[in-house]
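The chain contents come next:
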Amino acid sequence: MDIVDEIRALSGKYPDRRGALLPALYVVQKEAGWLSQEALDTVSRALNLPQATVKGVATFYSMYKHRPMGRHLIQLCTNVACMIMGAERLVDLLKEKYGLEPGGTTGDGRFSLVVMECIGACDRAPAMLVDTDFHAGLTADNIFRILEEYE
Amino acid sequence: MIKVTIDGREIELEHPVTVLEAAKQAGIAIPTLCYFEGLTPFGGCRLCLVEVEKLPKLQTSCTLMTADGMVVRTETDQIRAARRSMLEFLLINHPLDCPYCDKAGECELQDLVARYGPEAGRFAEGKRRHPESFDDPIIVRNMERCVLCTRCVRMCNDLQGSYSISVTGRGSHSFVEPFSGGRYDCEYCGNCLTVCPVGAIMSRLHRHSYRPWFVEKETETVCGFCGVGCSMVLQMRENSIIRAIPRRGIGFNEGLLCVRGRFGYEYVEGGEELTTPLMKVDGELRQVSWEDAVSFVVKRLREIRDEFGGGAVGAIASGRCTNEDNYMLQKLVRFILGSNNIDSAARNYYAPAELYLERIFGQGITANLISGIANSDGVFVAGGDPTAINPILGLQVRSVWRSGGRVIVLGVPGGLKRFIPYELTPVPYSEEIVLSAIVGRLLEDKPLRGENAALEAKLRSLRIPSDDELGATGVSSEDIVRVAGDLSSMTTPVVVIGPDVVQRKRASKSLFLLGAIAYLTNARIFLLAERPNYQGLLDMGCLPELLPGGRPVELEMFRHKTEEALGMKAPEEKGLNLFEMIEAAAAGRLKALYVMGENPLFNIPDSAKVEKALENLDLLVVQDVHLTETARIADVVLPATAWPEKEGTFTNLERRLQRVRKARRGKMASYGRDDWKILADIAERLGMTKTYHRVEDVWEEIMHVSALHTGLGYEEIAGGSALWPYYGEPLRGMEGDFPVEGLDELPEVTVPEKPYLMIDRPLYHSGTFSRRSKALLGIHPGPSLVISPLLAERHGLSDGDKARISNGRGVLELKVKLDGDIPDNQVFLANTFEGFGAMGLIGFGTDSVLGSIYIDDNTVRVEKVLR
Ligand code: SF4
Ligand code: SF4
Ligand code: SF4
Ligand code: FES
Ligand code: FES
Numbered sequence: 000m001d002i003v004d005e006i007r008a009l010s011g012k013y014p015d016r017r018g019a020l021l022p023a024l025y026v027v028q029k030e031a032g033w034l035s036q037e038a039l040d041t042v043s044r045a046l047n048l049p050q051a052t053v054k055g056v057a058t059f060y061s062m063y064k065h066r067p068m069g070r071h072l073i074q075l076c077t078n079v080a081c082m083i084m085g086a087e088r089l090v091d092l093l094k095e096k097y098g099l100e101p102g103g104t105t106g107d108g109r110f111s112l113v114v115m116e117c118i119g120a121c122d123r124a125p126a127m128l129v130d131t132d133f134h135a136g137l138t139a140d141n142i143f144r145i146l147e148e149y150e
Numbered sequence: 000m001i002k003v004t005i006d007g008r009e010i011e012l013e014h015p016v017t018v019l020e021a022a023k024q025a026g027i028a029i030p031t032l033c034y035f036e037g038l039t040p041f042g043g044c045r046l047c048l049v050e051v052e053k054l055p056k057l058q059t060s061c062t063l064m065t066a067d068g069m070v071v072r073t074e075t076d077q078i079r080a081a082r083r084s085m086l087e088f089l090l091i092n093h094p095l096d097c098p099y100c101d102k103a104g105e106c107e108l109q110d111l112v113a114r115y116g117p118e119a120g121r122f123a124e125g126k127r128r129h130p131e132s133f134d135d136p137i138i139v140r141n142m143e144r145c146v147l148c149t150r151c152v153r154m155c156n157d158l159q160g161s162y163s164i165s166v167t168g169r170g171s172h173s174f175v176e177p178f179s180g181g182r183y184d185c186e187y188c189g190n191c192l193t194v195c196p197v198g199a200i201m202s203r204l205h206r207h208s209y210r211p212w213f214v215e216k217e218t219e220t221v222c223g224f225c226g227v228g229c230s231m232v233l234q235m236r237e238n239s240i241i242r243a244i245p246r247r248g249i250g251f252n253e254g255l256l257c258v259r260g261r262f263g264y265e266y267v268e269g270g271e272e273l274t275t276p277l278m279k280v281d282g283e284l285r286q287v288s289w290e291d292a293v294s295f296v297v298k299r300l301r302e303i304r305d306e307f308g309g310g311a312v313g314a315i316a317s318g319r320c321t322n323e324d325n326y327m328l329q330k331l332v333r334f335i336l337g338s339n340n341i342d343s344a345a346r347n348y349y350a351p352a353e354l355y356l357e358r359i360f361g362q363g364i365t366a367n368l369i370s371g372i373a374n375s376d377g378v379f380v381a382g383g384d385p386t387a388i389n390p391i392l393g394l395q396v397r398s399v400w401r402s403g404g405r406v407i408v409l410g411v412p413g414g415l416k417r418f419i420p421y422e423l424t425p426v427p428y429s430e431e432i433v434l435s436a437i438v439g440r441l442l443e444d445k446p447l448r449g450e451n452a453a454l455e456a457k458l459r460s461l462r463i464p465s466d467d468e469l470g471a472t473g474v475s476s477e478d479i480v481r482v483a484g485d486l487s488s489m490t491t492p493v494v495v496i497g498p499d500v501v502q503r504k505r506a507s508k509s510l511f512l513l514g515a516i517a518y519l520t521n522a523r524i525f526l527l528a529e530r531p532n533y534q535g536l537l538d539m540g541c542l543p544e545l546l547p548g549g550r551p552v553e554l555e556m557f558r559h560k561t562e563e564a565l566g567m568k569a570p571e572e573k574g575l576n577l578f579e580m581i582e583a584a585a586a587g588r589l590k591a592l593y594v595m596g597e598n599p600l601f602n603i604p605d606s607a608k609v610e611k612a613l614e615n616l617d618l619l620v621v622q623d624v625h626l627t628e629t630a631r632i633a634d635v636v637l638p639a640t641a642w643p644e645k646e647g648t649f650t651n652l653e654r655r656l657q658r659v660r661k662a663r664r665g666k667m668a669s670y671g672r673d674d675w676k677i678l679a680d681i682a683e684r685l686g687m688t689k690t691y692h693r694v695e696d697v698w699e700e701i702m703h704v705s706a707l708h709t710g711l712g713y714e715e716i717a718g719g720s721a722l723w724p725y726y727g728e729p730l731r732g733m734e735g736d737f738p739v740e741g742l743d744e745l746p747e748v749t750v751p752e753k754p755y756l757m758i759d760r761p762l763y764h765s766g767t768f769s770r771r772s773k774a775l776l777g778i779h780p781g782p783s784l785v786i787s788p789l790l791a792e793r794h795g796l797s798d799g800d801k802a803r804i805s806n807g808r809g810v811l812e813l814k815v816k817l818d819g820d821i822p823d824n825q826v827f828l829a830n831t832f833e834g835f836g837a838m839g840l841i842g843f844g845t846d847s848v849l850g851s852i853y854i855d856d857n858t859v860r861v862e863k864v865l866r
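Those protein sequence lines, which keep their order, are chains B and P.
Numbering follows numbering that gives the first Met the number 0, in which position 90 of the first sequence is assigned residue number 89; successive positions increment by one, without gaps.
Numbering follows numbering that gives the first Met the number 0, in which position 499 of the second sequence is assigned residue number 498; successive positions increment by one, without gaps.
Just so you know, not all the hints are guaranteed correct.
[As the list claims (entries may be wrong)] Simulated crosslink set (DSSO-like; lysine-lysine; CA at most 27 angstroms straight-line): (1) P/Lys676 x P/Lys279; (2) P/Lys816 x P/Lys863; (3) P/Lys689 x P/Lys573; (4) B/Lys64 x P/Lys126; (5) P/Lys773 x P/Lys816; (6) P/Lys416 x B/Lys12.
[Stated by the list, open to error] Label pairs and their computed distance ranges (CB to CB): (7) P/Glu752 x B/Gln36: 35 to 41 angstroms; (8) B/Glu100 x P/His14: 56 to 62 angstroms; (9) B/Glu148 x P/Gly120: 50 to 56 angstroms; (10) B/Gln36 x P/Val280: 57 to 63 angstroms.
If you are wondering where the hints come from, they were derived from the structure by calculation, not from laboratory data.
The C-beta atom is built at its ideal place from N, Cα and C for all residues, glycine as well.
When you get a sec, could you build the whole thing from the sequences and use the hints?
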């Protein structure tokens, strides 16, 4: 199914086309990992919503990315609970091992890192999301074992 | 009845309104920032806070509805402190660059801070930085100044319907942006600029050239671009236009303008105006004195009339000139030179369509209020995009959709695309079949009421297409059922008719069918008018068959009335229309042509043919502001005043008489003379005994001669509410029959191998006039061939490539622009840019019933130009 059809099919599930906007943005973001102007335009056409409206919504939410991202997106929590449990050390380790800065992407385009506020897993802190997978109870050891699974 | 007490004053309200509005009614002004009259309340700035008894917290009066017994206070210490805090928050990021900001002096934030403080901010961190954007030719965006009131976004979405900007990002990194983040891709109405309370979005046209208090004079006038006739204020300094702005409270456009009205005025500031009369000497135009030019024209006109008779003289009037100018041209030609050969570009569609509809329904049938469209529950549009041809009327159509009504467009929907539930785009030149099918289907639901016998008789003999015949148009019978069902369910419908349905073969039938739809559904008819005074041309008798007041010249009773009123004689037989004059000139029967404010060489199809005909004349006089294509081949060119220098009246498409007022005078004004004055001078020298001192004198005479204008003096007109004496009922019933071509036939639908060349009617331009406006050129800089991606693919063309279009009439090479919204196998080209007009390559014929033109043979060969 091409992407436009996929979006149109989605829009059938909502009482009005605007309702499908957020899921449609996910659909196009899945393709390239971020939302280019062309991607936003595709959504605008597929849903027959104004381009500017699409952009306004897409730039409001932080889960949509507006510049190219690595193949895998690490979203590492550094909020209070995770911080106490050593998340900041993990940030340093990522930098040491991959040269990965918060907000940055590795040179080989493998990982991008975004530091997050609480992702709701304080009881198993520190925690992160890799793409859509959830990982908790991170340590200096297991974090790299986990990440090595993502090519 | 709702009773509220505001600041100790008791107010009684019929209907619940917001506290802010209730206070306003009582003359109490509550400060606001995000509120703007006419826009949906937003409640974002919290400056309109008020105290309401029994409510614990301060309330935003712009969103709070009044309730019975409410007690409100609008200025207390608590409120003042809250307002001061809100302003302090806004000033955290607002750059205090008032000395440098063009808005200073009319900035709402500045005024509010001056009133409530704070004297100093306490925020010690730096301000956000965001560079000013100069990516756009018209709008400069300084987002550091933006207070995020969203007035511009609400204007663009809710009133303009362009949906071109939005607030992007979040928190203190929110900015208002067009999709591109830089240049706008929008309708450039500039209405967002009107509502911005601060200097965040401003027009570049007058950047850093003035301060609001530099405005020396304001002139209230009407726009000179289209037949809507929006009111506007020209702000002047040193005889130069600083800004053209709308103003709520004047005119029916309610504070809105379109791109042409707001930014197009520069065409008269461009310095290209003619400065002296010109005369052809040894094949070249040379500067001469007024006296030499005028006496030459007088001498030649007299000689030609005396030798060949009045019938050898003709004139072309102008939809851009005032009623007074056009009346005077008509008087000169008809009553002094003795010729009914007078016509104008309104012949291209407006005049014949209106006269034909009036034959069916009576005079004044298309005289309806533009502001009434928004109150209707459905619109049927055929033959042109109202949002481009008559933009402010187009906004009314959009608002029908907004209030839940249905908009149906026959043909390419253009600016209405977002406002229609489905498309109805038959293959070109098959509209007649689709309309017949719609009428056929409507007849099944709607009984004939017996009000219009002639029309009903014709409906009975109308040939309704079979499903097969319909199939060839690309529109299915299900579509027809749907359209007819929608039309039937409308209770207060409107039918909007544009130029394209009239410029087709058998236009009488298409108009008859549209008339039938209006008749069956009880709709009001609107005829789109491309020029500000097309209607005035009809009313002033600038037609070969009509005298001033719309009286048929060939009906003796009417002619005598006019002749009596004037004490002068008019020829008994109707004259030649525009195309007949061209034919007669080519054949040597027409010897002299007087052209006022029109450019026939560019605005009539098949320019090669027109040029030959005009060259064949003994005398071609052109009276205009600029040296147009036609002026270049004239024998005499007389410079005329431009729109901001004129005094007089325009009549808009709803028959509203409006005053055009002079904004510029003195040495900065152009060197032209008023059109009516030049004509009166010539007429006097040819024996007219009456003298006119002021333009009012001309209007006095019009009021005396035309029954439509009796009692409508300049004072009555000044208020903007002087309409023809027509109240929804035809002025003069037309009993009797009317002809329709091909009632029992259906056209053959052929899909030609080569694409059709269609006339584009872009929003950003208005004929050839606007090509001198720097601002409009900034938006739409030059000609291009607009084609569908499919057509482009077949010819190996991509956006920006050069293509050649050609046919027997000529060749043009232009850049192509791809547009996914236009149908395949059609090439759209505007008739705007010198040397690249669409009309030159279009063949035409004249309709035997209407006397209008129809486009015939307009296919072109498309090739890619290889470098
Ligand atoms: S100029 Fe008009 S169309 Fe363009 S952004 Fe402003 S309001 Fe919208
Ligand atoms: S640009 Fe002006 S109108 Fe628009 S949100 Fe900012 S301050 Fe308000
Ligand atoms: S709609 Fe017509 S009259 Fe109004 S501003 Fe635009 S061009 Fe002028
Ligand atoms: S603080 Fe990290 S998951 Fe809650
Ligand atoms: S004017 Fe009421 S909240 Fe802004």
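Checked hints:
1. A hinted pair counts as satisfied when its Cα atoms are at most 27 angstroms apart, and P/Lys676 with P/Lys279 qualifies at roughly 23 angstroms.
2. Taking the CA atoms of P/Lys816 and P/Lys863, the gap is about 13 angstroms. The hint holds against a cut of 27 angstroms.
3. Between the alpha carbons of P/Lys689 and P/Lys573 the distance comes to roughly 25 angstroms, so the proposed pair stays at or under 27 angstroms and holds.
4. Using a Cα cut-off of 27 angstroms, the hinted pair B/Lys64 and P/Lys126 holds, with the two alpha carbons roughly 25 angstroms apart.
5. Under the criterion of a C-alpha separation no larger than 27 angstroms, the hint pairing P/Lys773 with P/Lys816 is consistent with the structure, at around 21 angstroms.
6. Taking the CA atoms of P/Lys416 and B/Lys12, the gap is near 23 angstroms; set against the 27 angstroms cutoff, the hint holds.
7. A hinted range of 35 to 41 angstroms for the beta carbons of P/Glu752 and B/Gln36 is consistent with their spacing of about 38 angstroms.
8. Our hint of 56 to 62 angstroms for B/Glu100 and P/His14 holds, since their Cβ atoms are close to 60 angstroms apart.
9. Distance hint check for B/Glu148 and P/Gly120: the Cβ-Cβ separation is about 52 angstroms, which falls inside the suggested range of 50 to 56 angstroms.
10. Checked against the hint of 57 to 63 angstroms, the pair B/Gln36 and P/Val280 passes, with Cβ atoms roughly 59 angstroms apart.
Hint compliance for this structure: every hint is met.
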